[in-house]
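Full structure from sequences and hints, please.
Numbering follows the numbering used here, in which position 139 of the sequence shown is assigned residue number 141; successive positions increment by one, without gaps.
Warning: the hint list may mix true and false statements.
Pairs of lysine to aspartate or glutamate, EDC-like flavour, derived with a Cα cap of 16 Å [as the list claims (entries may be wrong)]:
(1) LYS43 with GLU70
(2) LYS139 with ASP125
(3) LYS96 with ASP125
(4) LYS123 with ASP64
(5) LYS96 with ASP69
(6) LYS43 with GLU72
(7) LYS43 with ASP109
(8) LYS123 with GLU140
(9) LYS43 with ASP105
(10) LYS43 with ASP69
(11) LYS123 with GLU70
(12) LYS96 with GLU70
(13) LYS139 with ASP102
(14) LYS136 with ASP109
(15) LYS139 with GLU72
(16) LYS139 with ASP109
(17) LYS139 with GLU77
(18) LYS43 with ASP102
(19) LYS43 with GLU140
(20) LYS123 with GLU72
(21) LYS123 with GLU95
(22) LYS123 with ASP69
(23) LYS43 with GLU77
(24) LYS96 with GLU47
Rather than coming from a laboratory, the hints here were simulated on the basis of the structure.
All figures in this text were calculated on a predicted structure; none of them were measured in a lab.
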Amino acid sequence: MPTRKETKLAKGITTTDSMAPLKACMFIFLLRLSHVRPISKVSNELGSQFTLQCQSQVRQFDIQLLDEGEFYFWEFSLDAEGKFPWSCVVGWEKSSGTFDAFDPSQDPRRCGPALCDWLAKPDGMYLYVEIQQKYVKEYLWPN
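Written out as structure tokens, the structure is:
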């Protein structure tokens, strides 16, 4: 009687299903595709330190202190956290303000499929708009 060839999937795990490796890869791909998108990133190009605190209705991050040239990023699930806007409070020596780091009604189109990339500059907050292939000033610092 013929026996089916065993396929090693991982250490200590084998199967006789020849499609198992492909099925496992597809499952991981679909899981990644549906649960972790997009990533929001805020970079400091102010010339000095600034504080950043971002939140949505379901999660709030601790205050971050970013030096010139540093950045902070986070990723979240579109299924749960991506249904709500993410706002951030930025404070530095010359001003402070709040901006929407992710707006589910428009940012999947503006940011592209994976990254909302923000720059904090002395004259305001800039978002990299995928369609235009450039940074666009979205927020001015209050006087």
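Any hints from earlier that this structure breaks? Give me their numbers in increasing order, please. 4, 15, 17
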